[in-house]
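Undergrad: Produce the entire structure from the sequences given, and follow the hints as far as they go.
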Amino acid sequence: MNTAGKIFRYQLRAAVRSRWVLLYAGFFFAAAEGLLRFGGDSAKAAVSLLNIVLMLLPLVSILFGTTYLYNARDFVEMLLAQPVRRLSLFTGLYAGLTVPLMAAFVIGVGVPFVTHSFTSSTPSSGIDASALTILLFAGVALTAIFTAFAFLIASLCEDKALGMGVALVVWLLLGILYDAGILAIVWTFHDYPLETPVLAMSIANPIDLARILVMLKFDIAALMGYTGAVFEKFFGTGFGLALSASSLFLWIVLPFWAGIKVFIRKDF
Amino acid sequence: MTLLQTIILPIVASLFLLSQLTAKTFDVYPSGGALARVVALAHAGDTLLLHEGVYRESGIVVDKPLSLQGQRSGGAVVLDAENKGVSILFIRANNVSICGLTFKNVAVAYTTDNAAIRADNVRNCVIENNTLDNTFFGIYLAKSSFCRIANNVLTAHGSHESSSGNGVHLWRCDSITIHHNTVNGHRDGIYFEFVHTAVITQNLSTGNLRYGLHFMFSDSCVYEQNTFRRNGAGVAVMYTHNVHMVNNRFEDNWGAAAYGALFKDIDDSEVRGNVFVNNTIGLYAEGCNRSIIEQNEFLHNGYAVKIMANSMSNIFTHNTFEGNSFDVSTNSLQNYNTFRGNYWSRYQGYDLNHDGVGDVPFRPVRLFSLIVEQQAPALVLMHSLFVELLDIAERALPSLTPETLVDNEPLLKPYRKPFSHSSLSRK
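Those sequence lines, one after another, are chains A and B.
Our numbering puts the first sequence at residues 463 to 730.
Our numbering puts the second sequence at residues 4 to 430.
Read the hints as simulated data drawn from the structure, not as lab findings.
Think of the CB as a built atom: it goes at the ideal place given N, C-alpha and C, for glycine as much as any other residue.
Treat each hint with caution, since some may be false.
Below, a sample of chain A positions facing chain B; criterion: calculated Cβ distance under 10 Å [claimed, not checked]: (1) Ala642; (2) Trp649; (3) Pro655; (4) Val660; (5) Met663; (6) Phe693.
Simulated restraints on C-beta separations [said to hold, decoys possible]: (7) Asp362(B) - Trp719(A): 51 to 59 Å; (8) Leu355(B) - Phe489(A): 32 to 40 Å; (9) Ala642(A) - Ser162(B): 43 to 51 Å; (10) Asn356(B) - Asn533(A): 52 to 60 Å.
TA: Structure (structure tokens):
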């Protein structure tokens, strides 16, 4: 694991020196700052930001992660000629990408909210700290999940163009088509009590889970009537929180583990 | 106590005996049953000046035109029922006025509607500047008319609807004025049944367990500059014609069954200049016909307006819709209401000739709200990218949303009233 640490540190230094992490952080900073400044209400800004986080963050993570591993091909081959375990190399590369992305997101979104909550005159307009925590947590988890997917895809597909295509398809599936599926099921089986199946389906998709966790923090449960009550009750319990946390955890671990399996057997 | 009684009562009695033909003023001091006795002794038209202290009495029947006044200079004049017995004051005569008193601790009862003040079958009563605390029902008028209820502060601390009473409760009354009262913590803040031509102005109804305002079968009443805030289920009004609701505020009624204002079978009414802010559902209309909803502001509600298909011929004009999750929601593809000249913050059209009216019609019903109306569990998809895409597609090529529910003259800026009355309503 020491080797993994070394590779991680090296990657981290490279990331800090290059401009892309700064750009990424700058984008989130600009978005959050702009929404807070011109949107007025910070709860509303957080909801708008939620849309960006749910749409862009997985897309950037998965596309950027895929190209990252493809571009690191020479570096990987060079290191594999040395006495370096593949597991350490994979872990180091993954951490070297994911940690700067997470940090960029947390700093980019967190700083404007924190400064605005200090400078805002009315205490009621300040965003609920727990809602911001959930939003940041959701973003961090989504980053980890989609970079893990990216590494799995890049390890699986030899062809770069194919890999990018698959990455896009995964994003489309989880980000858009999955919700279309939920809607189709709700529509088709509307004669049945659907709260529990819909709940299960939402927990099974990390983007939906993140969205619902943040939404419940903004009192939107009241809008949702009976369904909202079921959701709020479920996520209010320790069991519900544990289940959603383990779902997110599984979504990180499974693609990561599969990626390692493929990476170890891969013929470079 | 007995000492006081023996001293004061003779004084009072002698005053009474010496009284001239004209109306007299009696000074009343607290002692066991003193108030009831003086009320019994007094003549029509007399004034009872109650001095500071606690009167531990209830069930006092005022059966002649008297004026009961709390002494202004001293401390509180408290009528404390000590959670025993029945209502504190029964008004059974015309022209009674009750001013400047504090009523406390009326017993909760499940078979009788105990209240601080109960008026039955009277005219011209005046109930002003009183403070009511923990009084089950507050001010209860039945079959009465031409009364004035003003500047009272009513507070209750109930936790269950079944064991709480209403603040101002009117049954079969007409021509009542209810002005500048504050009602808090009751079951319903203001409750009317079969009340006609009442005027309700500048009241503040907050934190009531069920409704801030609740009326049925109460035609031709006027509601102006009232504030209904954070009530359990908001405001619900039903089965009434000719309601005038002007410049009221409906605020912070947030919950699965809370409404800024729920209108059921409200016909030929006027809803003008009201502000609906932070409600789950701002205005819910079911079976409402021929009403005019104009110059209202709907801000930051879950649903701004939810209008059911059995509502017809209503006109929505010059309203402002801003920051609502859903601007208008309905349960049908048919629409028999008119939306014209409103401001919609979601509007994205343009105005080539700069007349302040957008050139592109606006369709306030999102496809998603239509889906949700039919399949409630679909609401979990709110803020989902897929749903946003659906809405964009529907807006580009409307095919599923109600064809006639469209604002052909959407305003580019919120309608500005000539003079803002809403600033006058109580904060």
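Undergrad: Each hint should be assessed against the structure and marked as holding or not.
TA: Cross-check of the supplied hints:
1. Because the smallest distance between the Cβ of Ala642(A) and any Cβ of chain B comes to about 5 Å, under 10 Å, the interface hint for this residue holds.
2. Proximity of Trp649(A) to chain B holds as hinted, the smallest CB-CB distance being about 6 Å (cut-off 10 Å).
3. Of the supplied interface hints, the one on Pro655(A) holds, with its beta-carbon coming within about 9 Å of a beta-carbon of chain B, less than 10 Å.
4. Because the smallest distance between the Cβ of Val660(A) and any Cβ of chain B comes to about 5 Å, under 10 Å, the interface hint for this residue holds.
5. Given the 10 Å rule on beta carbons, the hint for Met663(A) holds: about 9 Å separates it from the nearest Cβ of chain B.
6. A hinted interface residue such as Phe693(A) counts as satisfied when its beta carbon comes closer than 10 Å to some beta carbon of chain B; here the least separation is about 7 Å, so the hint holds.
7. The hint said 51 to 59 Å for the Cβ distance between Asp362(B) and Trp719(A), and at roughly 57 Å that hint holds.
8. At roughly 35 Å, the beta carbons of Leu355(B) and Phe489(A) sit within the given window of 32 to 40 Å.
9. Between Ala642(A) and Ser162(B) the beta carbon distance is about 45 Å. The supplied range of 43 to 51 Å therefore holds.
10. Between Asn356(B) and Asn533(A) the beta carbon distance is about 54 Å. The supplied range of 52 to 60 Å therefore holds.
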